[in-house]
Structures are given as structure tokens and as C-alpha cells.
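Colleague: Turn these sequences into a full structure, and let the hints guide you.
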Amino acid sequence: MQQILVVDDSPTIRRMVRASLARFFPTVEFLEAASGLQAIERLALGSIGLILLDLNMPDMHGLEVLQFVRSHEKYRNVPIAVLTTRGDEESRAAALKAGASAYLTKPFSPDVLGREVRKLFAGGDELTASA
Amino acid sequence: MGDEFLDRFLNDYYAESEEHLATIRRALLSLEGGVGQARPDAAVTEELFRSFHSIKGIAAMVEHREAEALAHEMESYLRAIRDGQVRVTTVGIEGLITGTRRLELAVSAHRSGQPQPDTTEAVSSLRALSTNDEAGAGTGASAVAAPWRCVFTPSPALLARGINVDLVRSRLREHGEILRAQPLIGDAGAISFEFFVTAAPEADVRDEWAADGIVFDTVDAADALPPVAAPVPADTSVLSSGHYVRVDLAKLDDLMRMIGDLVIMRARLVDGLAAVEAHVPASVWRPLQETTSGIERHLRDLREGVMRVRLVPVGEIFRRMPFVVRDLARDSGRRVKVEMRGQETQIDKFLVERMMDPALHLVRNAMAHGLEPVDERIAAGKPPEGTIWLTASAAGEVATIEISDDGRGINADRVVSRARALGLTVPALIDDGALLDLICSPGFSTREESDRASGRGFGMAVVRRTVQELGGLLRLSTEPGRGVKFTVELPLTLAITDALLARIGAQQFAVPQAAVREVVELEEGAIRRLEDGEVVPYRGMALPVVRLSRLLGIESAGGRRPHAFIVGQGAAAVGLIVDRIVGQREIVVRSTVDPLIRVAGVAGATDLGDGRVVLILDAGAIARAVRQRAASAARTATA
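These protein sequence lines are chains A and B, in that order.
Residues 1167 to 1297, numbered by the numbering used here, are exactly what the first sequence covers, in order.
Residues 4 to 642, numbered by the numbering used here, are exactly what the second sequence covers, in order.
Check each hint, because a few of them may be wrong.
[Said to hold, decoys possible] From the structure, some residues in chain A lie toward chain B, with a derived Cβ separation under 8 Å:
| no. | residue |
| --- | --- |
| 1 | Gln-1168 |
| 2 | Met-1182 |
| 3 | Ile-1206 |
| 4 | Gly-1215 |
| 5 | Pro-1224 |
[As the list claims (entries may be wrong)] If you want the footprint, here are the derived chain A segments under chain B, 3+ residues with CB under 8 Å:
| no. | region |
| --- | --- |
| 6 | 1170 to 1181 |
| 7 | 1234 to 1240 |
Just so you know, these hints were derived from the structure itself, not from any lab.
Every residue, glycine too, gets a C-beta built ideally from N, C-alpha and C.
Modeller: Encoded structure:
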């Protein structure tokens, strides 16, 4: 089964993101990480098909996570949607340059998030079928 | 976003932002110490930056615009400080404090459905702070040696044993500071994590850790820390959020209630066993008895475990006070410092929440009525700066919170004349206890108009009632010209406590053991009349005693050797006489908050397990009443 990894240090935001997406992807398993290092560990040990990534986190900046994943030959093609907050607009260019597949600014509606994520899964088999 | 969707997350939003606000309040206090420095404590700045950033993110998600805007501006200012673009100034910290206050108001207004406070002014003055282009001084980058490098390679097998990168990080933190943490790509794409740390555990521990995929080596001084392009945020999150769950207090209350039911069931079992003891062989009965003692032990452990979960540092109450005092001091031209002791004392979360407003009121009172303006203090030969002390301590089953000041003290004459004007009964002897009774009378206030500092519809009457509802005790001591001290004593445990069971006539009563200093057996003949009351010789002095049978209007069974509880210390000690003390047991307190049932001297009721309901006597309150009556009788006798 494919997994979606939600990375954000706020438990509330992790819950909101999961709740927004659960409707669109009823058969996907959601994993959470509260920090950059934890996210990379989940990635290494799980079978992650998509990452939703916050930028400002306590241990490792989201951009570093992004760069790391893109530099890894096994994971470099995992789609990563960067979810960030107002004020980080300047990081939009940096994130896209570092290989972000999508860039969303909070707040976003569950529908917008679902639509964006579905685009990233367009090639995925069971996901498109169930969505 | 759909309102219904958002509503589901609002409680999470309030709880999480309250946590961040608590961190912010603490960090702001320590930031104040760094005024004027080019680069204040980097860890504190980073902590503040992160907390505001987090609030901004959640506020944005739940579409709370005012909070988002405020948090955004404060985050920007802190970013500018962190990156050395602006210097920390007093004005800046004032701005952060005002902004934080606005943010708190905005969140609480959002929560209670009130209109949002005006935040435009706070937002624009904060914006001015971070656009200040004053040059920052110094690079401030301090080179710290990292003698140890540690590499952790995760694996599914390790994960199954609960060993993950977060655990490794918290293990490392127990031994030293983590200067840098980053992921590595090894052979065949294997992922591992590299930590640079200031200290490592002993060699034998390192060997044990090797089995957990954690390997250490030392770092050459030359390449101690690879140069870092971007500022590496200091790792300030002491505890990784992954190891914590947030629990609704009501669920813990439910657990405690269930344990209470178990305690009652066990008491019933013990009574049942005692009834069959004569009918079963000792070899059968003894193991049963051992089993029930085992259950009792485990019940105690369970109860203590749940209690410990509910404990939080009393500092949560204290932390707000410097802000309150600071605001009031500035508005009123006073100079006041706050000194705190014992903030780490742990008490029940419920008590912390209920004590917040009473403590605030006492501090506001100290500011409004106690502490004098600077010129008045100098004229009185006092230091110009007044002090408010907040002290907490715990001993036995009682937690004590003291709020005191070195102000002018309570003017007894003014209190008395105000009380007479209100038509209150004024006792002949005005001691601290009588003063407290008067100022805690409903409607009492020595100021005709409540000002900003006190008032707010939360009077001393409410303070005392709250403390009493929590099973606690409020005391006052004041000295003219020297200050006022309020002492709040609270039971650490609300629900279950050890009690002595006493019999008067056919009635049984429970007295919480924490209130009783000693139990003595008296000779009926040794009780002597003295004026209105009775005394017995006790440790070389005459101890006032009172027969509870008389006080409660219950016929005593008589008997030549009654028992007495000694309550209170030294000159305040009083003996409470009962027919007999019949035992000791753990009781479950059901408080009687119904005002129709509430009687002075009765703290609640308990179920002994056999269906009998027994009243729990508030020995402290009874003893105080007896002392007061004795004191006023003595006064009348000499007058």
C-alpha cells in the first residue's frame, strides 16, 4: 500500500492535512513526522509515495529535507508538496529550484489540497482509481 | 474553507497556541536580560521565533487572521534579531510583550466568540521594529568544539524495538549538547544520521549503544564543525513532541473516579472478609487477606500514577505575574520587582487552573492597595522598588502558595470603619483572622470604585470561596508598614485521602489524616472548665478542647477515656474530642458543593463501602472557629 507522509511540527496542522486528504485517498495510509530527521527516517523505512512538507521545523529546515531527498537516487522521484506559511514567499523560488513538486501557502482549502495532491499522484495506479 | 471543517480543529488550535504562548512568556522574560546586546541568547531568540512561527501557521489554517498577522510581525522582528539585522532594544521587547498580550486576547476572544481586539496598532508598531535598519554589530558566531561525532543507522528491526532517530536524539541530549544533526547517504543509498555532540556517554554505555545502531568516534579539532552556510537553528525543543500525548483533563477525572470506585469496592471486600474470618480455616483465610493487601498496594500505586500524570509545575500560575505586575507598575508609576521561589513545585492541573484567577487577584490587590508609589516608599525609609514574592512549596499532602509584598500593609482601622458602614458584624478583637473575614465578606471593597488593578468583579470573597471549594485554607498576616502575606494551603490530592474514622454516639465521622497532628487518649477527669471553654493539660500547657458531640448536637455515648484529635500548631493547637477513634482507612472524597447542604466544618462525604455515608469533618475549619471564639471570649472577659 502506498503511504503519504505529512511532515509538520504542529500536530494540529498534521491532523488538518490528514483530514483534508483522507476523503480523496481513502485507501492510502498516512504517516506523520514532527521533524525533518524523523521524516527522513520514515522515508527510509517505509514505502512513501508522496511527502507533504512544512518548511520551518525545529531541527532541519524543510529545504534541507527537500535537497536531501532529491540527492538520494532511490527517493529522488518521490513527489514533494511544500506547505508553508505566509512570509516564506521568498522561499517559493528556492523550494521549486530545490525540486518541490508543488508549493502551497497556508491556509488552503481541503479541496485545493486534494486537487494538487491528486495531480502529483496522476501516474499512480490505485490512487487515481479510487479517487 | 468550510466552517464545519475548521470547527473540528479549533480546540486543537487553542490548546496548541496556549502551549506556544506559555513558552513565549517564559522566553520573553529571559530575553529581557539581553537588552542592548547585538545578539541575545540565540537559543531564546530561536525558541521565540519558532513559537510565533508555529502560531502563525495554525492561525492561518483555522483562518484566525488577527492572530496570524500579530504572530507574523513578531516572527519577522525575531528573524531580524536572529540574523543580526537589528539590535534587541527595550522598545522592541515592550513591543513583543504588548504584541503577545494582544495575541493572547485575540485567541481568547476567538475562543469565547467575542469580537476581536483591535490589533492594527500593535501590528504596525511591530512592523516598524523589524524594518529598523540599524546595523547589527558583530558576527556573533561562536565556535564550539564538537569532540564527538555519532552516527545512527535506522533499520526496520531497530524501529520494531522502538529505537528511532528521535530516541537517539533524546539519548544524546542527556549527555551533551547536539551542535548539528544531518542525514547522510551511505553505500547503496542506505540512510543514516550524523550528530555532532559536545559529550558522549562512558565507553561501556557506548558499547551497549552500538547494538542499537549508534556508533561514536572522536572529531579532529581541525574539522571540528564543518562551516555552515545558513544559520543552523539551535536545537531548542528539549522534548520531542512525538513522545507526548495531550489528554483531556476530564478523562483523567474519569480515571480517578474509577479508581475511587475500586477503593470503595476493596473496602467492601475487606469488610466481607472480616465477616467470614471466623467461619473459614486460617489456611484459607490468610492467602485471601494477603491478596487484598496486595490489591490495596497496587491501588495506591495506580492512584499515585494517575495523580502524577495530573501534576504540573505551579510555575504555570506564576509565569503570568511578572507581565501583570509590569503593566500595572508602568501605569501607576510604581517600581516593583517580582521574586519567585519554588516554581517547580508540582500540583494538580485542576488546582493550577482554578487558582489562576485568585492568584491574579491577590497580585493585583498587592499592586493596588499594598505597594506604595516610589516617593511614599522613600519617605518611609524603604527601598524605592517594591517587591512581590510568589512562593510555592509542598510538604506531606499539602501544597502551600504564598503571595506577599513589602507594601504598607492592611490598615485595620479603615477596614473596620468600612465594614461598619456596610453594616457587617465587626468582632471585638481585630486580629489577622478577623481582618481576613472582613475583607472576604461579599461586597467588601475599601475602594469605592474598582480601578483597573483590582475589582473586575473578582473580589476577596471569591478568592476565599475558590480556595475553600478546593478543600484549601486561606490565611492572612499583615504588619502595618511592612506588608501583607496571603497563604493558600491546598490539599495535593482532591479525590482520595487517608482518614481517621471516629465515633460520636451512634454516628461515624471521617477526619482527613493530613489535618491531624496527633491523637491522644484523655482522662475524662482531666478536662477542666476555663471560663467559657474547656482545657486539658497537654505538654505543659493548657490545650483548649471542644467536644464535637456538643458542637454537632449529637448525643455522646459517654465513656471515661475519650479520644481527641490535636489540630493546629503551637498556640493555635486545639483538641477535638470524640468518643472513640475506630480506625483508619483510605476514603474517597465526594465534595458537598451544594450550597443548601454546605455546612461550615463539613468538608464532604464518603462512602465506606458498605453503603453507609459518612461526613468528612474539616478539622482545620472547626479548630479555627474554636480558637476565634476562645479569643473573643477572652477579650470580653478582660474588657
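Colleague: Going by Cβ atoms only, is Gln-1168 of chain A closer than 8 Å to chain B?
Modeller: Constraint on Gln-1168 of chain A not satisfied, violated at 18 Å.
Colleague: Would the hint on Pro-1224 of chain A be counted as holding, given a Cβ-Cβ threshold of 8 Å to chain B?
Modeller: holds (4 Å)
Colleague: With a cut-off of 8 Å, does the beta carbon of Met-1182 of chain A approach a beta carbon of chain B closely enough for the hint to hold?
Modeller: holds (5 Å)
Colleague: Closer than 8 Å between Cβ atoms is the bar; does Ile-1206 of chain A clear it against chain B? Give me holds or violated.
Modeller: Hint on Ile-1206 of chain A: holds, closest Cβ of chain B at ~5 Å, below 8 Å.
Colleague: Quick check: the region 1170 to 1181 of chain A, covered by chain B? Criterion 3+ residues, Cβ under 8 Å.
Modeller: Per the Cβ count (7), the hint holds.
Colleague: Just to make sure I understand the rule, a stretch counts as covered if three or more of its residues have a C-beta closer than 8 Å to a C-beta of the chain. Does the region 1234 to 1240 of chain A meet that for chain B?
Modeller: holds (count 5)
Colleague: Regarding the hint that Gly-1215 of chain A lies at the interface with chain B, is the smallest CB-CB distance below 8 Å?
Modeller: violated (17 Å)
Hint compliance for this structure: hints 1, 4 are broken, all remaining hints hold.
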